[in-house]
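Please model the entire structure based on the sequences and the hints provided.
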Amino acid sequence: MLTLQLLVSGLANGCVYGLIALGFVLIYKATEAVNFAQGDFMMLGAFVALAFANDDWAGLSFWIAAPLAMIVMGVFGYLVDMAILRRMFGQSQIAVVILTIALGFVLRFAAGFVFGHEPVSLKSPMAGQEVRFGGLVLGLDEVSIIVVTVALTMLLWLVFARTRLGVAMQAASQNQLAAYYMGIPVKRIHSLTWALSGVVAAIAGILFASKGSIDPSTGLLGIKAFAASVIGGLGSLPGALIGGLIVGLIEPFASYYLAAGYSQIAPYLLLFLVLVFRPHGILAQIHAKKV
Amino acid sequence: MSLLEVDNVTLKFGGVTAVDHVSFEVEEGEVFALVGPNGAGKSTLFNLVSRFYDPVEGDIRFRGESLLKRKAHEVAACGIARTFQNIELFEHASVLQNLLVGRHTHRATNLVSELLFLPSVRKAERAHREAVEKVIDFLDLQAFRDKTIAGLPYGVRKVVEMGRALALEPKLLLLDEPASGLSTEETQDVAFWIEDIKTQMGVTVLMVEHDMHPSRRSATG
Amino acid sequence: MRTLFKTSYDFDIRLVKHAGHALWYGLLVLFALAVPLLFDVFLIGEATSLLIWSIGGMGLMILVGQAGQESLGHAAFLAVGCYANTILQDRMGLPFLLALPLAGLISGFAGVLLALPTARLHGIYLAIATLAVSMLVEDVIILAEPVTGGVGGLVAPTISIFGVEFDRYAAPGRFYYLVLAVTILVVFAYLNLLRSPLGRAFAAVRDSEISARAMGVDIARAKATAFGLSTAITGLCGALMGHFAGVFNHESFTLITSIQMLMMVVIGGLGTIHGAFFGAAVVVLLPQAIVFARDFIGSFTGAGSVAVPGLEAAIFGVILVLFILFEPLGIYGRWIKTRTFFDLFPFYRKSMFRRQKSYLKTERMR
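Residue numbers (our numbering), protein chains in the order written: chain A, 1 to 291; chain B, 292 to 512; chain C, 513 to 878.
Hints listed in this document are in silico derivations from the structure and should not be mistaken for laboratory results.
On a predicted model such as this, the values are computed, not experimentally measured, just so you know.
Virtual Cβ for every residue (Gly too), placed ideally from N, Cα, C.
Any given hint could turn out to be false.
Pair ranges (Cβ atoms, derived) [as the list claims (entries may be wrong)]:
(1) Ile-768(C) <-> Ala-178(A): 38 to 46 Å
(2) Gly-261(A) <-> Leu-610(C): 31 to 39 Å
(3) Leu-177(A) <-> Asn-299(B): 33 to 41 Å
Sample of chain C residues at the chain A side, in silico, Cβ under 8 Å [what the hints assert, rightly or not]:
(4) Ala-639
(5) Ala-641
(6) Ala-825
Structure (structure tokens):
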């Protein structure tokens, strides 16, 4: 029974990592950029939802607040790309990494300035509810996280594999110049991708904030989520989910079976080992450069 | 004994056979041209000689000794220098520095002496620079000497890459499409240089071209 | 504009290229030597801090700017250098003059150990691997309490060289000179690196691994050397940081420190020694500037000087974003442009420094 509890809480945590990782992968897959601020996007999404839903702010119904937050974060993502990332066009990947880390600092400060640094939780219909599967009692918040994450991963995968937009996204990343020549509006595709990952971040934020509480530094979770997406294989959507689940599951089990202190190390140790022995993750997509 | 012997070499990428049982020999002092359409596997052969790929079958011998025992970075030390089809220069360094990298196999100083810049290092540096200036003179690169590669036109880059290979003082020079993308005049220059590289420097040349004109002018075998 | 007529190979080898060089850098060194005579204790402390950060900046710069290997984990090597230096002096009783270089060597060795398994990694993957190391070291410091003092941390001993004490508070001027000496040594080694075969091999690895290999450069070895050299210097910086701070624990060397170091070299200007110093100046002066600005604004609004958490990081972030967007070459790049403007006046053109337009291709599925 204990194992099962650890398993479910690990899965739920893992799905949060997976959701943030999905945002990373989305942007990486379509624009070759790595958004280190994705965790902070999630934090921001959660706060925006909170501002719409909680009674000391706008006090709207959760079911209105959640879509609103998703729209706001989508627009935010679009604008971030348009105002900042678009100017980075053609600069090295690492410049983008540093830029987004800096962006994360700014977002964290802005959120702290507006919403304060005390942990707060979102007024959500999921909080505190229970679901019964036979003899099993699970929190509705945890179940909904798992369901939404799996559904979202499949949906995004379908978008990439089946829709015109998805194919255009892949083309834009594989060869920007050739994509231009083929009439693909590469810049707009990039902005749309950022918008999409903003929406995903909002969903992650809403689910995370209904499960527990958030504060501006919650965004640092993004680092763990990034570890997850690298473990799974950057650039692979199912990889993001798998990586997220692995990191999510390692934590509760490591903290239960290992001495205190060692459990924190576990995800990063795994990350390092994966990078050394399987540099491009479990679902690797990288092949050697041709001359 | 031939300088370079490619003996029955086969390379497969997954299911595709890129090079299928190829054999040829390059004699010392000749200009040997491989001519064929795009995708025939010419550059792949170069990459095999450079040890970027491992052949599934066959052997490559340089001066009678199998190259397959060497790692990619040890090939240059054997006396084999090369250029690339899509120019692989060090973009953020000057022409002079690019050519000096070509001298890397002649590096005899170690980390500590270089950090202290001991007199031995200074002496070696002078020797490297003398060798490189000769190449600069030979290829008429004086005007671009201190320019960063990133700002140079295509034709000049092509020449710089050839110069970098020459700075290595190779026995065998592999030129991957030395004339592709060059104007008629530049192509003529390259043809003369290849001639001079063979006669004046005594370097054997193995080159790849997909069209016959430049190679017909300089190839001897 | 100065035209040099080169008459021997030594013109390209020499460190001092012309009389202007000698004059300005000579004046700079004189100024650096005069700092303890000219300023009060607070400013001497700031100058010392600037030099210490510059050493770390140069360490990271060798790796990022010269060899093109990005590291998001250099705080780990600050920690290694700092702890090694203190432990060698306190537990083993070694004198500072031995402990400092040894701390550098140990840190460099740790860097090589990291570089060997990660030699295959590039770009962001390497950055992530080093990030993981930074996180790991932070936790290891807490776990290895018997050696590192755990969460409580350690106290750096007072430096004593042949009976003369170099305490930061008791003798700030002396401590400053000590740091200055180390800085000058590192600058000298860095300059030598730039004009020797190894430095060029680093540049080759940075710009094109494939042709570096074809030119006979052993990539894995060059990367390991770059890591070792970089982390050794970073270790020296860490050791001095420990003496400067007096007390330190795992929180002195977090991922944020690593990130700050990387941002520092980017703001300063990648690939140049000047960049390390400019970046360090921003890191050291920014908090002071913020305090100053807050007091200034507070004196108008009467709001008092309330500390705003995260403000410093945010302003640092904004500065970085602005630099990457508008001046990717960093402060040093700005300086070069300004100088060229006056050199060529009135013939300067904006396009002289324009970046070539480039298009990205995926690293995957090639």
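How the hints compare with the structure:
no., hint, verdict
1, Ile-768(C) <-> Ala-178(A): 38 to 46 Å, "40 Å, holds"
2, Gly-261(A) <-> Leu-610(C): 31 to 39 Å, "33 Å, holds"
3, Leu-177(A) <-> Asn-299(B): 33 to 41 Å, "40 Å, holds"
4, Ala-639, "6 Å, holds"
5, Ala-641, "4 Å, holds"
6, Ala-825, "4 Å, holds"
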